[in-house]
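If you read the protein sequences in the order shown, they are chains A, B, C and D.
Quick note: to get this note's numbering, add 1350 to the position in the first sequence (first position is 1).
Quick note: to get this note's numbering, add 1350 to the position in the second sequence (first position is 1).
Quick note: to get this note's numbering, add 1350 to the position in the third sequence (first position is 1).
Quick note: to get this note's numbering, add 1350 to the position in the fourth sequence (first position is 1).
No wet-lab data here; the hints were simulated from the structure.
Be careful, since some hints might not be right.
As the list makes no split between identical chains, a pair holds if one copy fits it or if it spans any two.
Here are the simulated EDC-like cross-link-like pairs (lysine to aspartate or glutamate), alpha carbons at most 16 angstroms apart as the crow flies [as the list claims (entries may be wrong)]: (1) K1446 to D1356; (2) K1355 to D1432; (3) K1499 to D1354; (4) K1503 to E1353; (5) K1503 to D1518; (6) K1536 to D1435; (7) K1505 to D1518; (8) K1505 to E1353; (9) K1498 to E1416; (10) K1355 to E1464; (11) K1447 to D1432; (12) K1499 to D1362; (13) K1355 to E1416; (14) K1498 to D1518; (15) K1499 to D1518; (16) K1473 to D1449; (17) K1535 to E1353.
Number of protein chains: 4
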Amino acid sequence: MIEDKDFITSRDVPGPTKENIRAILLYKSTVTNEDSVVDIGCGSGGITIEFAQRAKNVISIDKNPEAIKITGKNLEKFNLKDKVDLIENDAVSALKKLDKIDIAIVGGSSNDLEEILEEIDKKLNPKGRILITSILLDTKIEAINALKKLGYKPKIVEVNISNGRILDRGVMMFSENPIGIISSKKDNND
Amino acid sequence: MIEDKDFITSRDVPGPTKENIRAILLYKSTVTNEDSVVDIGCGSGGITIEFAQRAKNVISIDKNPEAIKITGKNLEKFNLKDKVDLIENDAVSALKKLDKIDIAIVGGSSNDLEEILEEIDKKLNPKGRILITSILLDTKIEAINALKKLGYKPKIVEVNISNGRILDRGVMMFSENPIGIISSKKDNND
Amino acid sequence: MIEDKDFITSRDVPGPTKENIRAILLYKSTVTNEDSVVDIGCGSGGITIEFAQRAKNVISIDKNPEAIKITGKNLEKFNLKDKVDLIENDAVSALKKLDKIDIAIVGGSSNDLEEILEEIDKKLNPKGRILITSILLDTKIEAINALKKLGYKPKIVEVNISNGRILDRGVMMFSENPIGIISSKKDNND
Amino acid sequence: MIEDKDFITSRDVPGPTKENIRAILLYKSTVTNEDSVVDIGCGSGGITIEFAQRAKNVISIDKNPEAIKITGKNLEKFNLKDKVDLIENDAVSALKKLDKIDIAIVGGSSNDLEEILEEIDKKLNPKGRILITSILLDTKIEAINALKKLGYKPKIVEVNISNGRILDRGVMMFSENPIGIISSKKDNND
């Protein structure tokens, strides 16, 4: 278990994805040490680190060089450099060069979500899973519609988390921003 | 309708109570221009201003001199000085000196909530209403238990609000911290 | 103040809009007894009743005859029949026949939201306000985009409410489904 | 990954604990196949099943014979009978007879939470973890205070989940009731 504060961060890079969201993504992914994982829009590397600890390997993509740098620093901190390939590129170009994928996590909220999902679908193994986190209202709808168009049966859950700070005079709750998690499996009958 | 950003604020004073919470308090209070209102722990004066615009008069109490000062500035800004008495004192001492109350709003989360509610109960008219906002887990329970002990049938609602920021790439939601609102009427059969 | 349980309801008609949502709509609308209000998709009449108690008059539209019937029963119960015109029709057709509007509340989630908003815009007074409640992710985005296209600067707030049930062994919280409220003013500089 | 609908349920037994709450509990517990887990107030067995799939063994306690029966049925369904001891007894009596515990999950909201936590503390290994789920406001405070008294540094997170139903006309969100998760480690410096 990694706490949010344990990650190295940078002001110029979003993330890391918060603890309880990482927990839910890990659970829904059913990741094992036989899975090849792609982390698209890896940001600070929160998702990359979690999956690197559990998967066979992770390929982490971000077009922001600062994101690649911070993710690299976190990999070093958590001793996981051997498990991860860092690719500084836009998602679609990077995905075109990849082989088979078992789990794809899409964290970025770029404009080309539909094209990204099409590319993932081409590489996704028959038992593969796609997980998308979204902080934009628009992305939730786009992700659902794009997945439906590709033949998936997506699910969506909205997560609102508040963390308590235990003060002398009592417990005060502080909210995180709401996150949507869209999930789907290649094999809908699974 | 007043937006949060319309109030004068100070770094040393909590509040103002957020827009949608003010909306709910106004609604539950059923305030009219015949009501005498007490605002206990008036902070920046958000509640005071709203009720001063609708009630017969408001008595605003805070032991923090800076809170009294900021509330005064907001009264000036909104042209409501004639409707409000500002009292710099602890709540229980100030309440002891008051006459009849129609609506009491308790915004502070001080340790003497039970004593404050006892004092309010003594002054509350037969059709009077008590509303408590709480940011502490503990205060919610304390308020409910104290009101039950005084013969009220309190209700509680927890409010989680997210505000959208409409960006070029989409709508991003930002959460406010959760607020509990405990409400009760002197006349439970009302 | 009206509690949810005070409204007459029907299994075949959605609503009434929940108490705290009604509170927020009333507040954002800044309704006075000089305002003409249109309630589009009036459902069980929760919004109609609230505005009928405060506005000059309300025109309530629903294409579902059962909704018109239940709203009528609630108007009778709350003694507000003189303040409200009930129109059983689709929203666009009904709006075309209307005069000037001060406040429009759109509660339905029909497919022709964009056309409804265009029609409202034509009739809306210079100081008019539009409020849309949404239970569908898609409607939130549609409403925002349609309002932007018409020159408005919409705001959106997402409201998550939990109500406490005070049991012997403690206070248990029960959640209402999340509601989005999109609001805008004709005069953006207001 | 198990979906809520995959569990056998009974009208007379609460639970199972919902999917995303199970995900967060699993993550915070850092359970491995070397851990002995106690599930107190096992209800329908949702937590028991999840931990039985990952831990060395699980001891599941409930004073409700119907809960023990349903948990048993779920163990059979998921082929996990060999990993779990079912104990029909009140929590404190059952805990007194136990040996060392690595992970304790307290799901019930009984009146003797403080005594339960004292008993758990006596049996908890130096690297042990306690996780409490709470649907009552009161239990959250009680759990935090009892853990502080025993020398722990508890954390609390409140989880509000909405699940989307993807309808033809759009995506509608349905809320689960809020759940508090209180967590702590025997070794606070860990």
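(Q) Checking an output row: K1535 and E1353, CA cutoff 16 angstroms. Within, between, both or neither? (A) Classified as between; 13 angstroms across copies, 28 angstroms inside a copy.
Q: With 16 angstroms as the alpha-carbon cut-off, assign the pair K1447 and D1432 to within, between, both or neither.
A: neither (20 angstroms within a copy, 46 angstroms between copies)
**Q.** K1505 and E1353: within-copy, between-copy, both or neither at 16 angstroms Cα
**A.** between (27 angstroms within a copy, 12 angstroms between copies)
Q) How do K1499 and D1518 come out at 16 angstroms by Cα distance, when the copy is not named: within, between, both, or neither? A) between (53 angstroms within a copy, 14 angstroms between copies)
Q) At most 16 angstroms between C-alpha atoms: does K1505 with D1518 qualify within a copy, between copies, both, or neither? A) Between. Shortest inter-copy distance 14 angstroms satisfies the 16 angstroms Cα cut-off; intra-copy 41 angstroms does not.
Q: First find the shortest C-alpha distance between K1499 and D1362 inside one copy, then the shortest across copies, and answer within, between, both or neither for a cut-off of 16 angstroms.
A: Cα proximity of K1499 and D1362: none, with 34 angstroms in one copy and 32 angstroms across.
Q) Between the shortest in-copy and the shortest cross-copy C-alpha distance, which are at most 16 angstroms for K1473 and D1449: within, between, both, or neither? A) within (6 angstroms within a copy, 49 angstroms between copies)
Q. Within a copy, between copies, both or neither: where do K1355 and E1464 come within 16 angstroms Cα-Cα?
A. neither (33 angstroms within a copy, 30 angstroms between copies)
(Q) Within, between, both or neither: how does the pair K1503, E1353 come out at a Cα-Cα threshold of 16 angstroms? (A) between (32 angstroms within a copy, 15 angstroms between copies)
Q: State whether the alpha carbon distance between K1499 and D1354 is at most 16 angstroms within one copy, between copies, both, or neither.
A: Classified as neither: same-chain Cα gap 35 angstroms, cross-chain 26 angstroms, threshold 16 angstroms.
(Q) As a check of your reading, is K1498 near D1518 (CA-CA no more than 16 angstroms) within one copy, between copies, both or neither? (A) For K1498 and D1518, the Cα distance is within 16 angstroms only across copies (12 angstroms; inside one copy 50 angstroms).
Q. From the Cα coordinates, with 16 angstroms as the cut-off, is the pair K1355 and D1432 best called within, between, both, or neither?
A. neither (23 angstroms within a copy, 39 angstroms between copies)
Against the hints set out earlier in the document, violations occur for numbers 1, 2, 3, 6, 9, 10, 11, 12 and 13.
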